[in-house]
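A.B. asks: What follows is the residue order along each chain.
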Amino acid sequence: MSNLLEVSEVSKHFGDFKALNNVSIQVPKGSIFGLLGPNGAGKTTLIRVINQITMPDSGEVRLDGDLLNPTHIKDIGYLPEERGLYKSMKVGEQALYLAQLKGLSKIEAKKRLKYWFDRLEIGDWWNKKIQELSKGMAQKIQFVVTVLHNPKLLIFDEPFSGFDPINANLIKDEILRLREEGATVIFSTHRMESVEELCDDIALINKSNKILEGKLIDIKRKYKTNTFEVGLEAENKTALNTNLAEKFIVTEANFKSLNNDLKLNIKLSENETAQDLISFLNQKARINHFVEVIPSANDIFIQTIQNN
Amino acid sequence: MNHLPLIIKREYLTKVKNKSFIVMTILSPIIMIALIAVVAYLSNLNNEKVRVISILDESGLVKTVFKDSDNINYDFLEGVSLEIAKELVNETSNYGLLHIENIKNLDSVSNHIKFYSEESPSLSLISDLERKLEKAFTNLKMEEAGIDISKIEASKVNINIGQENFSGEESSKIDSVIKLIFGCAAGYLLFMFIIIYGNMIMRSVIEEKTSRIIEVIISSVKPVQLMLGKIIGTSLAGITQFVIWVVFGGLLMTIVSLVLGISLMDSSLPQQELMEMASNNQGVEFYFESFKQALSNMPLINLIIAFIFFFIGGYLLYSSLYAAIGAAVDNETDTQQFMLPILMPLILAVYIGIFTVIEDPHGTVSTVFSYIPFTSPVVMLMRIPFGVPIWQQVLSLLVLIGTFMFTVWFAAKIYRVGILMYGKKPSYKELLKWIKY
Chain F
695 MSNLLEVSEV
705 SKHFGDFKAL
715 NNVSIQVPKG
725 SIFGLLGPNG
735 AGKTTLIRVI
745 NQITMPDSGE
755 VRLDGDLLNP
765 THIKDIGYLP
775 EERGLYKSMK
785 VGEQALYLAQ
795 LKGLSKIEAK
805 KRLKYWFDRL
815 EIGDWWNKKI
825 QELSKGMAQK
835 IQFVVTVLHN
845 PKLLIFDEPF
855 SGFDPINANL
865 IKDEILRLRE
875 EGATVIFSTH
885 RMESVEELCD
895 DIALINKSNK
905 ILEGKLIDIK
915 RKYKTNTFEV
925 GLEAENKTAL
935 NTNLAEKFIV
945 TEANFKSLNN
955 DLKLNIKLSE
965 NETAQDLISF
975 LNQKARINHF
985 VEVIPSANDI
995 FIQTIQNN
Chain A
422 MNHLPLIIKR
432 EYLTKVKNKS
442 FIVMTILSPI
452 IMIALIAVVA
462 YLSNLNNEKV
472 RVISILDESG
482 LVKTVFKDSD
492 NINYDFLEGV
502 SLEIAKELVN
512 ETSNYGLLHI
522 ENIKNLDSVS
532 NHIKFYSEES
542 PSLSLISDLE
552 RKLEKAFTNL
562 KMEEAGIDIS
572 KIEASKVNIN
582 IGQENFSGEE
592 SSKIDSVIKL
602 IFGCAAGYLL
612 FMFIIIYGNM
622 IMRSVIEEKT
632 SRIIEVIISS
642 VKPVQLMLGK
652 IIGTSLAGIT
662 QFVIWVVFGG
672 LLMTIVSLVL
682 GISLMDSSLP
692 QQELMEMASN
702 NQGVEFYFES
712 FKQALSNMPL
722 INLIIAFIFF
732 FIGGYLLYSS
742 LYAAIGAAVD
752 NETDTQQFML
762 PILMPLILAV
772 YIGIFTVIED
782 PHGTVSTVFS
792 YIPFTSPVVM
802 LMRIPFGVPI
812 WQQVLSLLVL
822 IGTFMFTVWF
832 AAKIYRVGIL
842 MYGKKPSYKE
852 LLKWIKY
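Chains as they are written, first to last, in the working numbering: chain F, 695 to 1002; chain A, 422 to 858.
Treat each hint with caution, since some may be false.
[Stated by the list, open to error] Not close to chain A: a few residues of chain F, all C-beta gaps over 10 Å, as computed:
#1 GLN746
#2 GLN969
#3 ASN1001
[What the hints assert, rightly or not] Here are the computed distance ranges between Cβ atoms for each label pair:
#4 GLY797/F <-> LEU434/A: 17 to 23 Å
#5 ILE801/F <-> MET760/A: 40 to 46 Å
#6 SER705/F <-> ILE447/A: 54 to 60 Å
#7 ILE447/A <-> GLU887/F: 54 to 60 Å
#8 LEU434/A <-> GLY876/F: 34 to 40 Å
#9 GLY876/F <-> VAL667/A: 55 to 61 Å
[To be verified] One side of the interface only, derived from the structure: several residues of chain F facing chain A at Cβ under 8 Å:
#10 GLY709
#11 PHE711
#12 LYS712
#13 ASN745
#14 ILE747
#15 ILE767
#16 PRO774
#17 LEU779
#18 MET783
#19 TYR791
#20 LEU795
#21 GLY830
#22 MET831
For the record, the hints were derived by calculation from the structure and aren't laboratory data.
The beta carbon of each residue, even a glycine, is placed where N, CA and C say it ideally should be.
Pulled out of the complex, with its shape left as it was, chain F reads as follows (with noise of 0.2 Å):
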């Protein structure tokens, strides 16, 4: 059993208004998989069903192969895009009252709050209320709280809104760090640095259909087009221009470099390699830069989405 998760074929309407369709996921034990997929995809509807929040009209959720059922609560913790606390209660009590919800004994909840407070040092906000306290702080209770029964399945939606630089890559550091652990991480959001950073796997959602699914890696191969960058030095440029658009598809290329290059993206056609195309640069120029093009997770999900 690889997948801790398994969405299939998980259909859910609101009304007319068809939220999910057929939508299938996997989601390998162990890994951080990141759930892409424009506003108004269907994302949240999907972490919903995962939750027990929202019942789907058709197809089945399993958690480690069993079907979700209630005892599966305090497998799975929750951020939520849309999140908050008790304003008007006091930090501690919160936190004790939430991880009860979860399943926690008071005393194991008290002692795993002290480790965790200590860690992140924030002993001190204990007796504080949240209306006190600032917006970032307040994130990080709740990022106590969604982690602290030490659940096999961790859920993230937008985990990095509201943290300054140093704070945000703190949080980073302890996600990585849970999944060490064991835990595995579903990780749902619009910053695609963040997603090439962390994800190992991906699935992409758009108007309600699953439209890509597989390790970043993978995925990333596949949509690479056989193109490089590449910065020449020539005597005559235009010459060279002229002479390479003629045999490649040669588009104007954006990079740093020391010397004044001619810097241009060369498109290959299947059955050439980058050898044929070094081999054929060299009887022409210097190549002081030669680097395939990688498309970026921002890149995959842009074209994607408008291909769909």
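Dock chain A against chain F, hints included.
C.D. replies: The following block gives chain A in isolation, referenced to the frame of chain F:
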């Protein structure tokens, strides 16, 4: 996992620890008692002042009817003219001067009596004087006509119709009054409770929505559990507040009346009734007896059991609707549109209770409305002291429980969808659509 006790505990504790709740709980009885004490104290002051009224009776006919009482002393002037009498009264700062002209014709007596005073006299004083004079002149006229007054006095009969139903239970007029007081108190208590604590539930649901904690919570518990926990927790806080009010209020009342030496209870009883009771041949003792009789006549055990069941049923019915409203909207100002359909049947119930049940406790209107679940708790509670067959009570209760289960289901549906909906205020049509989600 059953988290209901945990939720109830949190709801209860946050309500009870809330500053404004504590302040309200302590201040309300203090303010109430203070108000009552001030009113009682002032009216006592007023009563203790002895007023002196001068009487210039030139006809010499009615002197005998004015006898000094606790509040009013009479000062009879003789052999002075009206002008001098007025001056005298003014100097001695007596309250006023009653002038009766020397009249021989008793038919036109009314035009020849006048009351002079510095400030305009109180209504009760004037009507008291009028009553005394009327009696005196009526007697005089009767004597003139040759009627023996002592015979008339002797032939007066006092009647208090005894009432008895076919199964042999005795009752009387005062019975009905007591029953009415009990019924109205029970119905009104329920009405107040629903409005005060229903609103509290609604606000606490809205708070969870606006603070956006709701999604965190319902990833751990079922929305129905959260809703029921809220309703029960808030109700317990409400009961706590009520009990504190009663105990603390009672204690304060005793202390205040001991300290000030005023009986607060007495002053709340209308003076007129006391006087009428006293003037009645049978006296206060008779009324006290019939009061006890009335209490024992009432189906007390039935009343208490019915009160508990109808109170809980009615309260839960309405509070689940309040919770649903709270879930459907984003802020309190948007609730108005949905409040009306809740308040309407409630107010209707109280009006029916007050106007119809008093008139005819077992009439068609009262009976029908004591079956309709949205009015039945209030109307039935008002009817029960007058004796309602058990089968009627049970039937009404069953209808109430059925409806209550339906509204909880309905409210839970709206609640489940509503708590995750932000932005626009939903219409009734959309609410109906939510049920199908």
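A.B. asks: Regarding the hint that ILE767/F lies at the interface with chain A, is the smallest CB-CB distance below 8 Å?
C.D. replies: holds, 6 Å
A.B. asks: Should the hint that LEU779/F touches chain A count as held when the rule is a Cβ pair under 8 Å?
C.D. replies: Since the shortest Cβ distance to chain A is 5 Å, the answer is holds.
A.B. asks: Can we keep the LYS712/F interface hint, with Cβ of chain A closer than 8 Å?
C.D. replies: violated, 13 Å
A.B. asks: Quick check on GLY830/F please, does its C-beta sit within 8 Å of some C-beta on chain A?
C.D. replies: Result: violated, 16 Å to nearest chain A Cβ.
A.B. asks: Verify the CB-CB distance for ILE447/A and GLU887/F against the hinted window 54 to 60 Å.
C.D. replies: holds, 56 Å
A.B. asks: Let me know if the C-beta of PHE711/F comes in closer than 8 Å to any C-beta of chain A, holds or violated.
C.D. replies: violated, 10 Å
A.B. asks: Under 8 Å, Cβ to Cβ, is where ASN745/F needs to be relative to chain A, so tell me if that hint holds or is violated.
C.D. replies: At 4 Å from the nearest chain A Cβ, ASN745/F passes the 8 Å test, so the hint holds.
A.B. asks: Using the Cβ atoms, figure out if SER705/F sits within 54 to 60 Å of ILE447/A.
C.D. replies: holds, 56 Å
A.B. asks: Does the CB of LEU795/F sit less than 8 Å away from some CB of chain A?
C.D. replies: Interface hint status for LEU795/F: holds (4 Å vs cutoff 8 Å).
A.B. asks: Do the numbers back the hint for PRO774/F, that is, is its least Cβ distance to chain A under 8 Å?
C.D. replies: holds, 4 Å
A.B. asks: Would you settle whether the hint for TYR791/F is holds or violated, based on the nearest Cβ-Cβ distance to chain A being less than 8 Å?
C.D. replies: holds, 5 Å
A.B. asks: Taking C-beta pairs only, is ASN1001/F more than 10 Å away from all of chain A?
C.D. replies: Fine: 31 Å to the nearest Cβ keeps ASN1001/F off the interface.
Of the numbered hints listed earlier, those contradicted by the structure are 1, 11, 12, 21 and 22.
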